[in-house]
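Undergrad: Residue numbers (the working numbering), protein chains in the order written: chain L, 1 to 545; chain U, 1 to 308; chain W, 1 to 372.
Everything labelled a hint here was simulated from the structure, so no lab data went into it.
Just so you know, not all the hints are guaranteed correct.
Which bits of chain L does chain W cover? Going by a derived footprint, with three or more residues having C-beta under 8 Å, they are [what the hints assert, rightly or not]: (1) 93 to 101; (2) 252 to 265; (3) 458 to 471.
Sample of chain U residues lacking proximity to chain W, with all beta carbon distances greater than 10 Å (derived) [said to hold, decoys possible]: (4) Lys50; (5) Ser151; (6) Leu231.
For glycine and all other residues, C-beta sits at the position ideal for the given N, C-alpha and C.
This is what each chain is made of:
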Amino acid sequence: MRRDRIRNAFAFSLGAILLIGAGIATTGASIEPADLTFHNATEPESLDPAKVTGVPEGRVLRALFSGLTVQAPDSSESLPDIAESWNISPNGKVYTFRIRKTARWSDGSPCTADDFVYSWRRLFAPETAAKYAYLMWAVDGAEDYTKGKLKDAAKIGVAAPDPYTFVVKLREPQSYFIYLTAFYPSYAVHRATLEAHPKHWHKPEFFVGNGPFTLQMRLIRERMRFVKNEYYWDAANVKLETVDALPIEDNGTALNLYLTGAIDWTTDVPAHVVPQLLQRDDFKPTPRLGIYFYRINQNNKDPIKKAFFGEPRVRRALYLALDRKAICERVTRAGDVPARHIVPPGLDGYESPKLPDYDPVEAARLMQAALSHLKMSKAPTFSILYNTQDTHKLIAEVVQSGWRKHLGLDVKLENMEWQSYLKTESSFEYDISRAGWIGDYPDPNTFLDLWQTGNGNNRTGWSDPDFDRLIVLASKEVDVRKRLGLLAKAEARALAGQVVIPIYFYVTKNCVRPWIKGWHANVQDRHNLKFLSIDKDLRRRMIGR
Amino acid sequence: MRDVLRFLTLRFLWLLATLWVVFTLSFVLMREVPGGPFLMEQQVDPVIQKQIEAAYDLDKTKWEQYVITLGKTVRGDLGPSFKMRDYTVNEILAEGMPRSVALGTLALLIALVLGIVAGTVSASRRGGFIDRGLMLVATIGIALPNFVIASILILVFVIQLSWLPAAGWGSLRFMILPAFCLGAPFAAYIARLTRTGMLETLTQDYVRTAHAKGLSPWRVVTGHAMKGGLLPVASFLGPAVAGILTGSLVIEKIFAIPGLGTYFVQAALNRDYTLAMGCVLFYTLLVYVMNLLVDISYTILDPRVRLD
Amino acid sequence: MEERAGFQRSEAELERLLEEAKKVRGNSLWKDAMRRFRKNQLSFLSLWLVVLVSVLCFLAPLLPLAPRDRVSMNQQYLEPLHEDLLDDGGLFLRRGWPGVFADDAARDEAVTKIVERSGLLEGWMIQLRYKMFGDREIVPWMGTDQLGRCILSRVLWGGRISLMVGLVATLVSLIIGVSYGAFSGYIGGWVDNLMMRAVDAMYSIPFIFVVIFLITVIKNNPDLAIDRMVLFFAVIGAIYWLTMARVVRGQVLSIKQKEYVEAARVLGASTGRILFRHLVPNVMAVVLVYLTLTIPRVMLFEAFLSFLGLGVESPDVSWGMLAADGLGAINPLRVYWWFVLFPSLALGLTLLSLNFLGDGLRDALDPRLKDV
């Protein structure tokens, strides 16, 4: 009797679970596709412009917020956005932005200079803990305020003499400062919403932004839907009504979705299919401000390796015996440019000095010379560290085989997941480590200042007082040509010292359907949704949607 | 009835103890693993780094962190995620769970139906052509990595035939391929276990008696042999259900499914301590409940086993 | 003193007699099983296939294969039996690839380097291989991968790792799991409860943290001469014994009240004796089947770890890793089917054989089932 009851209860509950599950399984309904759907590599870490540093976050934030200026669709130039105009004082230290009277937040309230004062102070505030705050430390008092040396926020060099004038005082002139006003850390956030909902302001039900779009829906790791912000000052020129960002981690999956017409724009493609894609009209890789390189640990904990990698001829030999061209043409295959210097090409008025080309014979000679100079009978065994990814692995395998063949080195590969990799690299427990660097702003400085002694991003132990001096000199130079000249000299020092092994300069890897209009390639690979539109007729003709 | 109550109370206390042990072990393991949640490729100024860590209590001693986290966890607050900073772990799990449950249930249904039917048919046609064929298919289900199966299915059903969407989440259509891939290995296991269990019981005296009574083979199999024959399956189902409901990183990645499976691995790789802890505790709870159900089902399927 | 010595002698005597008795009975049992097993053709065939694959993979360093990690940029993405591979005729031995070695001295140096990198036995086998075959190599008739490496060679070398991981890790899980599960199920009561709750708790420990933790601990301790493979066995074995324990316990629960167990208990047999003489042999059938299910899981788990970057390191390869790496090669634009097919085939075939082998063994060891 009792057992029967248990049995019945069990059968009942199992059935109920299955039914409920089946119920959930069938209730989900497809939502109407947006005007434009694009592949955003991952779920944004946050919608708070002050707290993030990633590329996927940038794509989203450019839709939801506006800066004082906006980057032009086809170049790095800054165009007016919330600021309708600006002027720079003759000494290059004071920027005065005239805020548009028509600028509005998505709840209809006016967006004024005070919003920027509030947001910039917030960016620099220690409690915000903004990772990108340092990019804007040229603002007078900002660095001291972040570091807690300056307590009074009012002493930071930002002011709003009236609601439509925003004045920024820099501690020294910075020629690329205007680019930063188009970059998301400098965006304004809506004070009233932040204060009313400190923990929930980034949820769709509370969100208020000043960008061309606003947030309608956000499902974790599933979809983010933007709808046009009718209060945006330039709403008349915003063509898209709805946009979906899909956080798809796997670019193979994204490609499948793209090819089946479910998404209109992918931002990255798998390496295997690059040759096939290159034959299509919708895949056109273009140069990008980024470099793929190998760090060399010159501060190795092992004394033998420290002496070995500390020897410039060893580093040069490693560079010379690495076949960059083969990697670009045979492994990445998307037209990446073999790198013989550090600053990527494509920056106006800047010409990089160049290292010699691939030369295994000279490399072997240098290595021999270095070894006999170091009184080593043979080179120590060392490893190449890389984080888990197909392309990194393939490149490392090619490099390993080249160094073995031409220099007779015993090279191991060491594959780590991302966090262990970062930890190993930043604590100098590696020998050679793969790395990448994407420019934050279109200026050579973003690729050079990291090699200064003690810079947290140096992580090679390389140090050259002359180099450090040149970088500081350049940062104080107002004359553009002279400044670039100083930077080129600094780069020449870094190359002569072989601070790292440059491998190649990145290219963009977007697949864009032809019905997306207004999409232009640019070196920073930043594309503001505000400039895009859809040719619906063309789309209907091509895929019937 | 009092027996059952006592049994359940005891199990509940065990559950609390288990959760605490798991919490402690995971906490220690997580903090000992190198790397941290806010380590980045682009290194930030040490001052800012310290401020970020302070905001998440990471500047405190490990003991303080342990006490704070345990206190919050007891109150049901798993804290903010370190990597998806707009969300708390509770929100992330709450949003991922229905998706995982939906997909998992479908996968489980597929696995159970395919597995039990194939296993039973195969057992009653022992050694025959059907038996061999079914077991061959079942073994292939186990022998091939699920990402290979998934890629082939996508190629056929999505690219060639255009019957199903390539990836994503929404209606039932989106779930068919991933549920099949998720359920396939489980179906194969269940088929094999069912077959083994059925063969074992088919030789038992009571089954022979049933045969001798002149019952049809169908009645014998479904009415008598099935109950005992499903014992190994029931034993397997506990962990299997927990595994199937929490999904799989590989499947979720290939089909871009925003379920829980990814978090289990990704949170660990990202050193998202709070989310990882949430996943671990959730999983513990699930495994525990499932095993409880298994133990109860034992008493139903096999009268000789008592609740104890 | 005297008495104790005498006692010891008689105990030793007893032991010897017992041993003999065991041998006699054991022999006939195994003979029976062997006879039955041989009758099952499919299983017998499977056994030979598994043996063949294992031997081939074990001997991979001795075979005239291209080195598994040799990059040839002019041989990328070549299909199996591609004409570039066959242009100077023959599927078999040909002198090393054009441009690989400048001269014999260079080749000898390369061989020395390879030997230095390899383990003791492996190095010796490689040396022998070059003595026997020189730089002649089997044409990569399974095609080449994206770096022009020979897939045939990679599959055979990969099998060494995959099979070893599968076998050793499964054995570890078998030994721990069976003892634990049988003991827990047999003792019952609160001990059983405690032991099973411990298993539940261990199920939920995030294995990924354990793996990362162990790998880093070992990496930072070069004195611990444990390589990553051994670690692998330990970790995987330690994870998979849990399910084994549960399965065995379930079985023991259902047979421990059988007459013969009762009889043994009444006759005063010790717990250990009842466990390993009466209970364990009787759950072996299910354990064997479960074992044939665990080996594939272990091998696939290894692939999953490689997929996450926690698995084998280049130049080592494994079947799972080859298949995972080939994943991107199945895409709508161009299918490099041979990247995935051959490793999958090797994996699938081996696991299939293992399964039939398991079935055969089970039938042979448990004759009751033959009546059906």
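Undergrad: Which of the listed hints are not met by the structure?
TA: 1, 3, 5, 6
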